[in-house]
Amino acid sequence: MIKYILNRIIVSVPVILGSLTLVFIIIHWLPGDPAQMIAGDDAAPERVDFLREQFGLNEPLWKQYLDYLWNSLRGDFGHSFANSQPVLERLVAQLPATLSLAVVSTIFAIVVGVALGVLSAVYRNKALDYVVRVISLLGVSMPKFWLGILLILVFSVHLRLLPAIGNGSFKQLILPSFALGLTGAGMLTRMVRNSVLEVIQEPFVVTLRSKGLTERAVLYRHVLRNALMPAITVLGVLVGEMLAGAVVTETVFSRQGLGKLVVDAINQKDIPVIQAAILITGIFTIIVNLLVDISYSYVDPRVRKAR
Amino acid sequence: MQVNSVTPEMTPEAVASNPVGGAAQPKLRSKAGSLTVSKALLGFSLAVLAFLVAAAIVPQWIAPYSPTDMKTDQLLHSPSLSHWLGTDQFGRDVWTLIIFGSRQSLLMGIVSVLIGGLIGTLIGLIAGYCGGIVDSVFMRLNDILMTIPGILLAIAISVALGPSFFNVILAISVAAIPGKARVIRSTVLSIRSRPFIDAARAVGTSHLEIMFRHILPNCFSPLLVMMTIGVGSSILVGTGLSFLGLGVVQEIPDWGYLLSQGRSYMTVAWWVATFPGLAITLLVIVVNLIGDHLRDWMDPKRGV
Numbered sequence: 001m002i003k004y005i006l007n008r009i010i011v012s013v014p015v016i017l018g019s020l021t022l023v024f025i026i027i028h029w030l031p032g033d034p035a036q037m038i039a040g041d042d043a044a045p046e047r048v049d050f051l052r053e054q055f056g057l058n059e060p061l062w063k064q065y066l067d068y069l070w071n072s073l074r075g076d077f078g079h080s081f082a083n084s085q086p087v088l089e090r091l092v093a094q095l096p097a098t099l100s101l102a103v104v105s106t107i108f109a110i111v112v113g114v115a116l117g118v119l120s121a122v123y124r125n126k127a128l129d130y131v132v133r134v135i136s137l138l139g140v141s142m143p144k145f146w147l148g149i150l151l152i153l154v155f156s157v158h159l160r161l162l163p164a165i166g167n168g169s170f171k172q173l174i175l176p177s178f179a180l181g182l183t184g185a186g187m188l189t190r191m192v193r194n195s196v197l198e199v200i201q202e203p204f205v206v207t208l209r210s211k212g213l214t215e216r217a218v219l220y221r222h223v224l225r226n227a228l229m230p231a232i233t234v235l236g237v238l239v240g241e242m243l244a245g246a247v248v249t250e251t252v253f254s255r256q257g258l259g260k261l262v263v264d265a266i267n268q269k270d271i272p273v274i275q276a277a278i279l280i281t282g283i284f285t286i287i288v289n290l291l292v293d294i295s296y297s298y299v300d301p302r303v304r305k306a307r
Numbered sequence: 001m002q003v004n005s006v007t008p009e010m011t012p013e014a015v016a017s018n019p020v021g022g023a024a025q026p027k028l029r030s031k032a033g034s035l036t037v038s039k040a041l042l043g044f045s046l047a048v049l050a051f052l053v054a055a056a057i058v059p060q061w062i063a064p065y066s067p068t069d070m071k072t073d074q075l076l077h078s079p080s081l082s083h084w085l086g087t088d089q090f091g092r093d094v095w096t097l098i099i100f101g102s103r104q105s106l107l108m109g110i111v112s113v114l115i116g117g118l119i120g121t122l123i124g125l126i127a128g129y130c131g132g133i134v135d136s137v138f139m140r141l142n143d144i145l146m147t148i149p150g151i152l153l154a155i156a157i158s159v160a161l162g163p164s165f166f167n168v169i170l171a172i173s174v175a176a177i178p179g180k181a182r183v184i185r186s187t188v189l190s191i192r193s194r195p196f197i198d199a200a201r202a203v204g205t206s207h208l209e210i211m212f213r214h215i216l217p218n219c220f221s222p223l224l225v226m227m228t229i230g231v232g233s234s235i236l237v238g239t240g241l242s243f244l245g246l247g248v249v250q251e252i253p254d255w256g257y258l259l260s261q262g263r264s265y266m267t268v269a270w271w272v273a274t275f276p277g278l279a280i281t282l283l284v285i286v287v288n289l290i291g292d293h294l295r296d297w298m299d300p301k302r303g304v
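Protein chains in written order, with my numbering: chain W, 1 to 307; chain R, 1 to 304.
Fair warning: there could be bad hints in the mix.
If you anchor each label on the Cβ, the simulated ranges turn out as follows [to be verified]: (1) Ser210(W) to Ser193(R): 29 to 39 Å; (2) Leu189(R) to Ser295(W): 18 to 28 Å; (3) Ser264(R) to Phe204(W): 34 to 44 Å; (4) Val249(R) to Ala93(W): 45 to 55 Å.
Computed far set for chain R versus chain W, every beta-carbon distance over 10 Å [claimed, not checked]: (5) Gly43; (6) Gly86; (7) Ile110; (8) Leu122; (9) Thr147; (10) Ala156; (11) Ala200; (12) Leu246; (13) Gln250; (14) Thr274; (15) Asn288; (16) His293; (17) Met298.
Stretch by stretch, here's where chain W covers chain R in the computed footprint (C-beta under 8 Å, at least three residues) [to be verified]: (18) 61-73; (19) 149-155; (20) 158-166; (21) 180-190; (22) 234-243.
Note that these hints are calculated values from the structure, not bench results. Predicted model, so just to flag it, every value in this text is computed and none were measured. For each residue, glycine too, the CB sits at the ideal point set by N, CA and C.
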């Protein structure tokens, strides 16, 4: 088991290095001069040169790359182009709002998604199944920011039940988590439903039924255990989706999180901030995937033995 | 259990020729209701899609007004008989703007899925067929691409490339690659081990020919399903980009941009943000429904 965990950790190191490299390539190799972008199209050439010098953009590319790699690994993401603050400081200040939103949304998505998926499969082709399928279809099809706007309109503007904007209290988390979590819940519901329906068809279920187990016992003790396995594997993807989705959802609810940072950075062409925000999200996703892999092998011994 | 025993007959032809079950296949009868519902949904989806495609091609024939027609005396008017979905902050007709905006939203979804699907398919095909070190290298690269969630990848690329309609499409395309490559690779792996591939190799068919003439056609159904559903998620990423202000501000705005503009007026004029969002949702729902239907149709094991 320990060997397996170590193996997984070693394998994810090149992936982290790879995603660092990918972000570097996107930002630096693609056409478009960062210094020109910051200065604006009609800036004086002297100013562009000055900026290029200041941000070390005149160095040879390989040196920039090594510096960037080394600094990122130490957690030094450079200074913001816009206000020269260390990027890390700003990230750390904004991260809690995003993380709390992502965590609450993920929990919401898992609880609602698994419950609805199982219900939908058990009551297949009954009224309940149709209702759940409509909800999950809406969940995966609605833009999160639009759902957020509708929620604000209904619950904050008209009913005056919940606060629309800001972060701090739990009440302010409810609407954004619902807007964000519904997408994940829809995704998970569809998956769990399919997976339960597939497991129900397997021969071992017939055996269990024929030996006289109640339908309830078959479902809870045997079918769900097997059906929820694949759901664990999408957990990593789900967390990534929720983190990335938080960027958009936060804007709607004016939360002071990573999303706000990214949107401001987009408007100011503040590349170090965008770069760092993407890296942080990517690294979080890799770590969650690693944890998912490890816990998966813990729950399902077949995975461990296969390697 | 019943489903399993029925599946062999559930070929597309059987479903099409005998849509309500009937006496010949009594086991299908319990599904009669859901089959009709799903047919009705498919019909509805195709009708909506056809309407939106028509709106994308000839918006001027469908829209009641011109999208640049600003009536300064009718700012933010609520929905009425003359303006079905109301007017926006410039006095433009919202229904007209939605009709005209469908071209960009559809193009965004379809073109980026085509580009992303093409590259993803090539990667999956080469990785799956060659195996070994080529496979490992391609799949690790794919893993790296997958670590950065789609919308963030698209944000990074469109920031780096600068605002243009094509750059936005390119950004969404890249985000669409890894998922496609993965599925195609696993399909290729299962096809590669079939006897007819050995047979083709035995008679001296070249590797390229086996890849493109024997394996690729067999990947068609998962690819089609994935690309259909991919149109939906690409549209969501694209409208997300324009909502965040990364899209291109054009004379005729796309749905995401309309929505982000309408947001500022939502307390006084709910219709300006609500209807463009409804249009996005409807388009994505319709595309997802068609994709689900295609999948059920091509993979009878899944049933309804």
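Each hint, compared with the structure:
no.	hint	verdict
1	Ser210(W) to Ser193(R): 29 to 39 Å	holds, 35 Å
2	Leu189(R) to Ser295(W): 18 to 28 Å	holds, 26 Å
3	Ser264(R) to Phe204(W): 34 to 44 Å	violated, 58 Å
4	Val249(R) to Ala93(W): 45 to 55 Å	violated, 31 Å
5	Gly43	holds, 16 Å
6	Gly86	holds, 14 Å
7	Ile110	holds, 17 Å
8	Leu122	holds, 19 Å
9	Thr147	violated, 5 Å
10	Ala156	violated, 5 Å
11	Ala200	holds, 30 Å
12	Leu246	violated, 6 Å
13	Gln250	holds, 18 Å
14	Thr274	violated, 7 Å
15	Asn288	violated, 6 Å
16	His293	holds, 12 Å
17	Met298	holds, 15 Å
18	61-73	violated (count 0)
19	149-155	holds (count 6)
20	158-166	holds (count 4)
21	180-190	violated (count 0)
22	234-243	holds (count 4)
Going through the hint list in order, the structure does not satisfy hints 3, 4, 9, 10, 12, 14, 15, 18, 21.
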